Structure formats: C-alpha cells, structure tokens
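**Student:** Residues per chain, in single letters:
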Amino acid sequence: MSGPPAVEVEGVTKRFGDITALESVTFHVDAGEIFGFIGPDGAGKTTLFRILTTLLCPDAGSARVLGQDVVRELWALRSRIGYMPGRFSLYPDLTVEENLRFFASVFGTTVEAQRDVIAPIYGQIAPFRDRRAGALSGGMKQKLALSCALVHRPDILILDEPTTGVDAVSRREFWDLLSTLRAGGLTILVSTPYMDEADRCDRVALIQKGRVLQIARPDAIGDQYPLPLFAVSARERVGLLAAVRSFAHTASVYPFGAELHYADARTGIAPQTIVSELSAHLTVAGLHRVSVTPMRAGIEDTFMRLMSDPARDLELADASRAT
Amino acid sequence: MTAPLESDDRTPAIEARELTRRFGDFVAVDAISFQVRRGEVFGFLGANGAGKTTAIRMLIGLLAPTSGSATVAGHDVATEADAIRRRIGYMSQRFSLYEDLTVRENIQLYGGIYGLTVAQIRARMDALLQRLGLEHAEKKMVRALPLGWKQKLAFSVALLHEPRVVFLDEPTGGVDPITRRQFWQMIYDAAAAGTTVFVTTHYMDEAEYCDRISIMVDGHIAAMGTPAQLKQDSGVATVDDVFVKLARPQLAGTAL
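First to last, the protein sequences are chains L and A.
Read left to right, the first sequence gives residues 221 to 543 (my numbering).
Read left to right, the second sequence gives residues -12 to 243 (my numbering).
Bear in mind the hints are in silico, worked out from the structure with no lab data behind them.
Among the clues, some could well be false.
[Said to hold, decoys possible] Derived pair list, reagent style SDA-like, types lysine to any residue, alpha-carbon separation capped at 25 angstroms:
#1 A:218 <-> L:455
#2 A:232 <-> L:416
#3 A:232 <-> L:397
#4 A:232 <-> L:357
#5 A:232 <-> L:360
#6 A:232 <-> A:219
#7 A:218 <-> L:518
#8 A:218 <-> L:507
#9 A:232 <-> L:400
#10 A:232 <-> L:478
#11 A:218 <-> A:233
#12 A:232 <-> L:414
[What the hints assert, rightly or not] Label-pair ranges, simulated between beta-carbon atoms:
#13 L:318 <-> A:9: 25 to 31 angstroms
#14 A:88 <-> L:329: 46 to 52 angstroms
#15 L:223 <-> A:222: 21 to 27 angstroms
These numbers were taken from a predicted model, which means no experiment stands behind them.
All C-beta atoms in this analysis are idealised placements derived from N, C-alpha and C, irrespective of residue type, glycine included.
Hey, can you work out the whole structure from these sequences and the hints?
**Tutor:** So this is what it looks like as structure tokens:
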C-alpha cells in the first residue's frame, strides 16, 4: 500500500485503577486494509477502539487516525470515522428507517444524499424499513448498525466485535459485506474473538491482556511457531488425549475439532521420527487407527502458544488484587 | 455425580415428541422429536432465529409447548416444571452468576435456592473451589474474575445440586482458546459422572466434541447424528461445512 498509514499507534497505554487495559500497544494500519484485532473478551480490544474513535484518552503514547491526533484533533476526526460499538447501539423504539435518518442528521447529511454508500447493505434490510429496530433478528440488527455507521460516508470504519454471538453462516455474510466495502477503498479495523475470521483480514494483530502478541498476514501467522506440530487422530477419541499427554516429549496437546494438535518439545529432530515414535506410543497404549501427520500451525495454535506464558498463572492473583 | 436414580437407567434424559411452539402465526419450533441419552453430550446447533432458544425454554419449563410434549429427567415439561427445575442445571453467557456477590456468596445463594443443607453447601463449596483452584478467591467479587474463570465457576455452580441434566447456552462465547478447551474438559468430566449435557455453541470446532449434534433450521431439526455421520452424509470435511450446507445452501463452498 502507498500513501500515509490510515492508523498510527505508538506505545498506547491505558489503565483503569490498578487494571492495565492496554500496555504499550504499537501498530499501524495501511489505507485500504482490513486489519483485524483478534483476542478473547478482556483482551483490551474495546478500550483500544474507544481510544481510536476519540471516546477515551490514552494515559501514555499517541494515536493518529487518518493523520489526525485522536486527542488534539478529535472534533475534526469524529466525522471521518464510522464506528460500530460492540453492544447494539441503535434506538430500539425507532424504526429501521428512523434510525438511519437520525444518524444521518447527527452528521449533517441525509439518507438520500448517501444512498449509494449504504445501498449494498441497506438493500438487504430495506424490506423491514418500518419495523422497530428492537424487533429485528440478530443478523438484521447488525446490518442496520453497519448502515448507520456508514451513512455519513466515513473514511475509515471501526467495528467492535460485529460478529460476536452471531451464527456461523451470518458471520460469513457479514464478512462478504466487509470485503465489498474494502473493494470500494474503505479502510476497516475490526475486532473479533473468532480466530477463524482472521483469514478474511489483510493483516491481524493477536491481542491478549492488553498486549499485542503478534502482527502478521493471516497466512504467515503460524510461521513463528517454534515447535514441530502434528495433527493426531485415533478411533478412540476420549482415550487419545490422555495417551498423547503421557508421551515423554509432549510440549502441548489441544483438541481441535475431531483431531488433536500435538507440539513436540524437541527441536532439530526429523518430523518422520516423531511421527514413528508417537504412533508407536499410541498403538502400545491400545489405540486403533492411529494417524499422526505433520502440520503447519494455524492462528489458534499460535495464539495458545503465545498466551501460555507463566504470567498467565498470575491472572487470578491480578484480578484478586484489583478488588 | 451421585444423584439417586428415580427412573429406569434406560429412560432418556431428554425426550421431545413433536414439540411445537407457535407465536401467533409464526411457528418458532415445528414438531421436533429427539432423544438424549443419560451421560450424553448433545450439541444443539442452529442459526440465530432458528428456534433454539424457544426449544430450550420449553425444555427447562419456562415456556409451555403449543402442542407435542417433552420429558426431562423423566418429568413432563408441561405439567411437572417444578420437578424439572430441581433436577436440571442451567448456565448461559448472559446470565449465570451475580457479579456483585462474592464467589462464596454465589455458591451459598445457589445452594440455598436448590434446597441443599448448610452442611452440603459447605462440603460441596470446598470441593468445588479446590477443583477449580479458586480457594484463595472465595471472598472476591465475581465481577473481578476474568471471564474464563467466571464461566468455569458458573458451570460448577450449575452442577452444585448434582442435576441429572445441565443446559449450557453458548457457555464459551468470547472465551480464550485455552480456557475454551479447559471448559470442554469439565463438560466431559460431568458427562463421565453421568450428567447429561445439552449445549449450544457458535464455535463449529466445539460441535465436533459432542457425542451427537442436531442442527435446527427454521424451526425444524434438519440433521441429527454423530459429527462423523453428519459429515459423511453431507460429503464434507467439517461440521462447519455441514452447518452452512443445511442453513444457507447458497453459501456452501465459499470460505468464511
């Protein structure tokens, strides 16, 4: 991408009392990118997005969106950002059409003047224009919220967990809409707890407990995985986990759908040697139809590896101190 | 769990027969029939608006069926709702524990609601806190716990009265991937002890962890079986693909 970054964040820190919500977060987003923040609840995603949308001030560090400082130039910046907060933010007692008109008027424009911008999304909910927003289904609410975030023709879209609690098929449809908007040149920042959505982003940041763990293109996120990784399956699903755990060289083993992902603690050993040793171990343990296959680490493998540091054990102690 | 058996061991933990609920002209749940065995982990999947919540509300005795019937732990949902509520546990992401009570107070409150004696509550609280490694947090406000701990605690509290069946409504939404897997280990432990687990989720990898799953589409059960059976029947590699194929055929084959 050419041109100045759409978002530049340097060393942003935010505390609430004793809790550090963001710890020296640094990243940039290119113009025209879909940039994803991926992490569980409590990772700091919402705090970060509230800073970027000028709703919170950072305690330290700086953030610029579209070249403007989020603290000093907030009034110039606000009208250029389209923001969809995590919780349903529309007026449930107003109709679909009334919500859209309200948000247009707040930004000094009209729905008619912006019809082309919202048409791809609003077209899908227009049949319900006279329905109260509170009576819409989850997927429809989400599309209305996106329409309201777009109605003032923003230069950047910031979406806080737009797909949380949304079923797997509606999530696909929503990401298709985002891809359409990106093709029109819009920069999009989006957060999600669903790791499988990373593939729909140009780049992603993995975030946990206020820290950015890694930033990469989705297809490269597993490149830094430090250990040999294998997909393991057997006929006996329940006994398999315990049997793999009892292998002498296990670094980690986690269920992944119908398989387990096994990381070997040794490096510098041929994958085929590990395949043979582990297969033999599992067969001796009495398992049938054993399969051990070398694999590339995916985003969830990487995330679990990065988050399982000793500091995590202090999580509860931290929380206790916060009371 | 060591709850005394009141009915034959072979009686299904949950049985729905043509269970139906209408709201005006709208049929939210349309004559669904299924059985869940004792100790089974049963995944109840479906798109938003497919009728899952309405079906669960009928099964836990909060909503009367329009027609059809269902039994849970051997009791009829329409006529024995009180008996059912004493024999089931329930947790969801939206409502589980009281945020401004401590861990200990939440356990005492739920123990009391479920009619446990003071001695039972004390013994089970100690065992529960030790199992979760929360001994030192018992006087902390629930609001101060990380989400993953809250969800594990909420599940344990839902099991406090040793229910026959536990209903889990999206218990792992927003939870980190390690805690999500620890939570599923707790589900397996409960099932191995004889508790029947009825669970909903939007994480399709979790659907693979269930003994059997059903997929609801527009009020009907469109498919039911083991994850392996459903994948084989649909000729696809993952439960996610099965789900998309059934719920939104026009999207099948596209990437997430």
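**Student:** Now tell me, hint by hint, if it's right for this structure.
**Tutor:** Evaluation of the provided hints:
| no. | hint | in the structure |
| --- | --- | --- |
| 1 | A:218 <-> L:455 | holds, 16 angstroms |
| 2 | A:232 <-> L:416 | holds, 18 angstroms |
| 3 | A:232 <-> L:397 | holds, 20 angstroms |
| 4 | A:232 <-> L:357 | holds, 21 angstroms |
| 5 | A:232 <-> L:360 | holds, 21 angstroms |
| 6 | A:232 <-> A:219 | holds, 13 angstroms |
| 7 | A:218 <-> L:518 | holds, 22 angstroms |
| 8 | A:218 <-> L:507 | holds, 23 angstroms |
| 9 | A:232 <-> L:400 | holds, 23 angstroms |
| 10 | A:232 <-> L:478 | holds, 19 angstroms |
| 11 | A:218 <-> A:233 | holds, 12 angstroms |
| 12 | A:232 <-> L:414 | holds, 20 angstroms |
| 13 | L:318 <-> A:9: 25 to 31 angstroms | holds, 30 angstroms |
| 14 | A:88 <-> L:329: 46 to 52 angstroms | holds, 48 angstroms |
| 15 | L:223 <-> A:222: 21 to 27 angstroms | violated, 47 angstroms |
Hint compliance for this structure: hint 15 is the single one not met.
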